[in-house]
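Asker: Put together the whole structure using the sequences plus the hints.
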Amino acid sequence: MSSRPITEDDLNAFVDGRLDVPRRKEVIAYLEAHPDVAQRIALYTEQRDMLRTALQPIAEEPIPPELDVSRMIWERRRPRTMPRWAGVAAAVALMIIGGAGGWILRGLDQPSSATVQSLAREAAASYFAYAPDLVRPVEIRADDSKTLAAWTAKRVGRPIAIPDLAASGYHFMGGRVVPTDYGPAALFMYDNDRGTRLVILARPIEAAQELPMSPVRQGGVNGFAWVGNGLGYSIVGPVQAEALRDIADDARRQVGTHA
Amino acid sequence: MTADMVRQLEPLVPALRRYARALMRDRSDADDLVQDCLERAIGRWYQRRNEEDPRAWMFTILHNLAMTRLRRQVQRPAHVSIEDVDEASLSCTAPQEDRLRYRDLLSALTELPEEQRTVLLLVTVEDLSYADAAQVLDIPIGTIMSRLSRARERLTRLMSADLRPDAPRLHLRSIK
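First to last, the sequence lines map onto chains A and B.
Per our numbering, residue 15 is the first one in the first sequence, and the count goes up by one each step.
Per our numbering, residue 4 is the first one in the second sequence, and the count goes up by one each step.
Keep in mind that the hints were calculated from the coordinates and are not lab data.
Ideal Cβ placement from N, Cα and C applies to all residues, glycine included.
Please note that a few of the clues may not be correct.
Said to hold, decoys possible - A short list of chain B residues far from chain A (calculated; beta carbon distances all over 10 Å):
1. PRO17
2. ASP29
3. ASP56
4. ARG58
5. THR113
6. GLU114
7. GLU117
8. GLU118
9. ALA137
10. ILE142
11. PRO143
12. ALA164
Stated by the list, open to error - Restraint-style ranges between C-beta atoms, simulated for each label pair:
13. A:ALA181 with B:PRO14: 47 to 55 Å
14. B:THR5 with A:SER127: 45 to 53 Å
15. A:GLU46 with B:PRO116: 49 to 57 Å
Answerer: Pasting the structure below:
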């Protein structure tokens, strides 16, 4: 009989019970003829069963109230009160983190790559502080973006347009005011339907009106920064550089016309 | 329509907690992750592609949130090192004589590279099809298969090293 040779993929699919009946029979025949491989596959099968058994109790635990889907849907419909403490604590944490790396470039806010580097570092620090925050990634949510726009305008000193990245698949989540060495900045957060998050940070730049867009990489995430109409922007996220560049170009076009 | 959302999301919660716990190890971190994932899903429910299987979609969101968070932990390492991993926060209620083997298995699991651990968990524990796992991790099926193969091989090696009474695991790892 001339059957297709047995592949490693077949063996794995055999362990996972994902072969059709004819192929399954061929694999069994093969294993009967090759006891050394059969022994390895037996180990894999045992390993699979053990993993499932070991982790099964987690799935059987009673669901805590915070993960009650009906309750979550219900609570979403009520107006949210803003817990001040969460924001204050995060801001303090950010100042500590920012202080460690940021002071070196203090006073170097010149129309040069230092400005761009600094913007990128601020955006990356905010990304690492807030994007992984599962409870409160943003302080004011997208559905209240008027409040957010008023707040950031007041603290930053001028209105800051919120770019719409929906065309790239990223939806606006909301934002907050964050501290930098050069004063308050606006931070906007977005995510796509795969849960990937990115942030845009914006603050006034005194030393330059315009700076071209430059790529910047900070702590394993990609970023782009630029200055337009005296406002510095930096976009940062775990997105491939080319894709992020398109998103950054889109954002720049939008804020350019809004400013 | 709300009822429909509840009906589709609720049954997924136990499995999402299990995957999150296996990745994060810490119970409250894992549940925070699941909560965030559910909130995303509820907010985006009507934006998802028509008739898309919510299971693969939910695992995709959860996985990406977990990676965002773990990347942060690499940036600023957590207090717990891998050697001190608290197996009690993973759950294990096996008979007494098997407990040790289960514990060894879970600790060997933490020694797999993350890309192998995630594939192994999604395929073997969460029963995702290879195609769904590929969708969740955003990689080709061929890559799923090769990572799965390497994960099994490596886990077997780690476990057989543990069977020897005083196997020097740290030493072993430094040789590889």
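Asker: For each hint, tell me whether it holds in the structure or not.
Answerer: Hint by hint, here is what the structure shows:
1. The Cβ of PRO17 (chain B) sits about 4 Å from the closest Cβ of chain A, inside the 10 Å cut-off, so the non-interface label is violated.
2. Annotated as non-interface, ASP29 (chain B) keeps its C-beta farther than 10 Å from every C-beta of chain A; the closest such distance is 12 Å.
3. Taking the minimum C-beta to C-beta distance to chain A, about 14 Å, the non-interface status of ASP56 (chain B) holds against the 10 Å cut.
4. No Cβ of chain A comes within 10 Å of the Cβ of ARG58 (chain B); the nearest lies about 14 Å off, and the non-interface call holds.
5. No Cβ of chain A approaches the Cβ of THR113 (chain B) within 10 Å, the least distance being about 12 Å, so the stated non-interface status holds.
6. Remark: the non-interface label on GLU114 (chain B) is consistent with the geometry, its nearest Cβ contact in chain A lying 14 Å away (cut-off 10 Å).
7. For GLU117 (chain B), the requirement that its beta carbon stay farther than 10 Å from each beta carbon of chain A is met, with the minimum near 13 Å.
8. For GLU118 (chain B), the requirement that its beta carbon stay farther than 10 Å from each beta carbon of chain A is met, with the minimum near 15 Å.
9. The non-interface label for ALA137 (chain B) is consistent with chain A: the shortest C-beta to C-beta separation is roughly 13 Å, beyond 10 Å.
10. Consistency note on ILE142 (chain B): stated as away from chain A, and its beta-carbon is indeed over 10 Å from all of that chain's, at 13 Å minimum.
11. At roughly 13 Å from the closest C-beta of chain A, the C-beta of PRO143 (chain B) stays outside 10 Å, upholding its exclusion from the interface.
12. Under the 10 Å C-beta cut-off, the non-interface status given to ALA164 (chain B) relative to chain A holds; the minimum distance is some 13 Å.
13. With their beta carbons about 34 Å apart, ALA181 (chain A) and PRO14 (chain B) fall outside the hinted range of 47 to 55 Å.
14. Checked against the hint of 45 to 53 Å, the C-beta distance between THR5 (chain B) and SER127 (chain A) comes to roughly 51 Å, which is consistent with it.
15. The given range of 49 to 57 Å is broken by GLU46 (chain A) and PRO116 (chain B), whose C-beta atoms sit roughly 34 Å from each other.
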